[in-house]
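K.L.:
Okay, here's what each chain looks like letter by letter:
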Amino acid sequence: METPRKWEEMTWQEKREERFKRWLNPPDVKFVSPEAEKLYKERVTRFMKAIKLEEPDRVPVMLPTGNSPAYYAGANFRNIMYDYEKARDIWIKYMDDFGDMDTFSGPMLIPSGKISEALNARIHKLPGLGLPDDSPMNQFVEGEYMMADEYDLFMRDPTDYALRVTMPRTIGLFESFRKLPPLNYFMMGEAWVAALADPDIRKTFQTLMDLAGEYRQWRAAQEEVRNIVLARGYPSLFSGGIMTGAPFDHFGDVLRGTRGIFLDMFRQPQKLHEAMEYQLNMLRASIKGFPMTACPLCIMPLHKGDDTFMSDKQFEEFYWPTLRGVFLAMIDEGLVPMPFAEGKYTNRLKQITDAPRSGVVWWFDQTDMAEAKRILGNVCCIAGNVPTSLMMTGTTGQVKENCRRLIETCAPGGGYILAGGAHIDTGKIENLRAMMDAAREYGVYK
Amino acid sequence: MDNVKNWKELTPEQKREERYKKWLAAPGVKFKNKEAEKLYKERVTRFIKAIKMEESDRVPCMLPVGYFPAYYAGYDLKTVMYDYEKQRDAWMKFMDDFGDMDTFMGPGLVLPAPALEMIDHYMHQWPGHGVADNVAAYQFVEREYIKADEYDKLIQDPTDFWLRTFMPRQAGAFAPLARLPHLTAFVGIPLFYLASFADPGIQQAYRTMFKAGEEVMKWMDTISVVGREAIERGYAAFGGGFSGAPFDMLTDMCRGTTGIIMDMYRQPEKIHEAMERLIPIAIEEAVSLADAALAPLIIMPLHKGNKTFMSPKQFETFYWPSFKKLLLGMIDEGLVPLPFAEGDYIPRLEVIQDMPRASMVWYFEYMDMAKAKATVGRNNCIAGNLPVSTVIMGTPQDVKEGCRKLIKACAPGGGYILSASASVDTGKIENLRAMMDAAKEYGVYK
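The listed protein sequences correspond, in order, to chains U and C.
Under the working numbering, think of the first position of the first sequence as 1, with each following residue one higher.
Under the working numbering, think of the first position of the second sequence as 447, with each following residue one higher.
Just chain U, with the same shape it has in the complex (with noise of 0.2 Å):
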């Protein structure tokens, strides 16, 4: 890690000083121009600003984007999916036709459509892997994948665990891994090498190593799109972090499943405690000694914990402690979590205050933002929440209005974002512009 000297001894806020440049000044970077170089840094400034509660030039903007340069070619997340060239090909030329923009990344979240065939995984459904073959979007497929015996089994070995339970559960290619003896033995290394012998076992190795051309082709064209995309002057947000969540959502989403968990919170509460402290240990782990990236904000899809889910005092109790725990492991190590809460979190404002002073980013998909800036306006920046559905079937002129009213409630003082709720994908390019629009014309600080 390029860290300067005394790392350990800067206060958060030095370390994250020192982030920040580093996403300011991308070492890595060519830009093609003076002027892509001089609107990267007004961009960049632009988001710091936000981030640490202070007034910008005017109101930045994170465009729900998504996946819709795919539908704004004429293709789709399936064509996307088996075509990489012509997918970088489709983004950097939607690039070129929009213009201005605060940020822009390449496709989101759209994986390789011969390798996801190969994995056979059965969390997720793609369009054409489980989906209809013209679906905007994949489908997570909750399950119980970890019973509700197993919380001791996962902490006891947490690698062990994932190896050879939860992957043979969730993925099919790695089926094979059932029959893997541990790894964890001091005295019988041979064991498995004589596992390696396993022809099941074997093919798995195999069909992975068969993939890893086309990885590497997946990986270049998204690699391309984001050298382009930074040359060009666009700043990326998504790109530098620890994509992870909250440790409850670890265990609900993925592992037990929701009605699962819900069990647990019942039957076994002390055991889903001290799977969460555990997590968020192995988290903690991995957040300490960052290396410096080319962004310092880390995503975190939130789900479990919104209104809908739980009640305050569940949230108070589950949710809330470990995922602050989370928080506070990446401000310590001068990264920006920005948890990103989907459905209603109007109920929790009042229960997220206590973190230090803008040092979270909070993007909202339902939430009140009035509330939201009455709460959180003098703890942190807030990001959100121009409805889904608008953009994608209002007129230009409601989405505009919808931004004005949203910059005049959240902008006042700074710490303000605007941004959607969610992304969109089959949506029009005139009301992203219109989003643009807004933003310079009602944003502009005075």
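Keep in mind the hints are simulated off the structure, nothing from the lab.
We put the beta carbon where it would ideally sit given N, CA and C, even for glycine.
Output of the computed footprint for chain U on chain C, the stretches with three or more beta carbons under 8 Å from beta carbons of chain U:
1. 606-614
2. 655-661
Below, computed lysine to any residue pairings styled on SDA-like, alpha-carbon distance capped at 20 Å:
3. U/Lys30 x U/Arg226
4. U/Lys271 x U/Asn281
5. U/Lys179 x C/Glu660
6. C/Lys467 x C/Asn449
7. U/Lys288 x U/Gln13
8. U/Lys203 x C/Asp645
9. U/Lys288 x C/Ala624
10. U/Lys49 x U/Ile299
11. U/Lys350 x U/Asp365
12. C/Lys599 x U/Asn281
13. C/Lys532 x C/Ala519
14. U/Lys203 x C/Gln650
15. U/Lys288 x C/Ala594
16. U/Lys179 x C/Ser734
17. C/Lys664 x U/Asp200
18. C/Lys599 x U/Phe290
19. U/Lys288 x C/Leu626
20. U/Lys288 x C/Asp595
21. C/Lys817 x C/Phe786
22. U/Lys288 x C/Ile601
23. U/Lys203 x C/Met663
24. U/Lys203 x C/Ala644
25. C/Lys657 x U/Leu180
26. U/Lys288 x C/Asp598
27. C/Lys467 x C/Asp778
28. C/Lys657 x U/Gln206
29. C/Lys599 x U/Met282
30. C/Lys599 x U/Pro182
Position chain C relative to chain U; hints supplied.
P.N.:
Just chain C now, with coordinates in the frame of chain U:
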């Protein structure tokens, strides 16, 4: 022991009885003839009675055969490490020529050198590879494989530690595995597993592991006939698996002597935490090894707990409590631990004697056996300790006389296995015969 009903409800004693039954019945073994089966049962009974602190027909004997069959056949350790057929033939010839023994093990400890070369194994030197061609033993290469600040990796996620920290330093071919991602982080997004497989270094590591795996299988296929043949001819199966003391696992394999001694002063609590972590894993490993074997004996070579390495206080603080916990854990599962105390254990006798009656075997190297009989030997079976120097250099008469004295001191009342202080390599077959003769001549219970 899945085949035993209500296994979980049995007491440790009942579990041990079940394991003894399996040892005696030798399921799946096709004895050469009735006589072989009869001899097998007699010999196993001899050992079981000794462990149970009962008098059998005579004192059982573990001959210190070691690598001797290689030299007896006119080869040396180097030759049989590289030539599996010669390895097999040498051990078969010794078995044919020797005749009556209570137990005889195949050459399982003669490792396949070609596989070790393929993976560029650092942890051992062997004849022709780090030590001279004519050396009759391996040399373990102690080193600080794990750094002082890496205990938490082991404590938090043992398999991850094993895979990404320990293995890459254990063998040159595994070095790229250090670049593997942390598997637990990606349970929900399977695509990221692929990233590591696109890394050419990691691909090469897997290919090498497969190749080495094939070599290990070739070796196992060749030599496994010896072990099977020995049992079919009526020699008692003996080793049910290997294990060790938690302190030694950390010292020998991870921190090295210098490292661990520093840690004993600088961060004693980390040693304790790590050992606590290893205990359940070691128990599980021992159970799975013994379940796959006939005999319930877990052979545990001990190193750093002897008189020369640490003070009595250090032994009682760092070595014994975790080791005892591991022993008791194994005993609870009906296993019979057989620690082999290398070096001087005389000052340890008082501390280690407090174990459940007839639950284990203490095998001593440097020991006052009369004192051992009066302490540890009152509760549990002891084994030892005719000096290897006598077995290699002495006359058959010297050997017989040494054995006679040992039997006189240790055999009364049962609970003794005649054995040498270590194994021989370049000795004489007459001296091994003399030892066997002594057991039959002086060791008969009346």
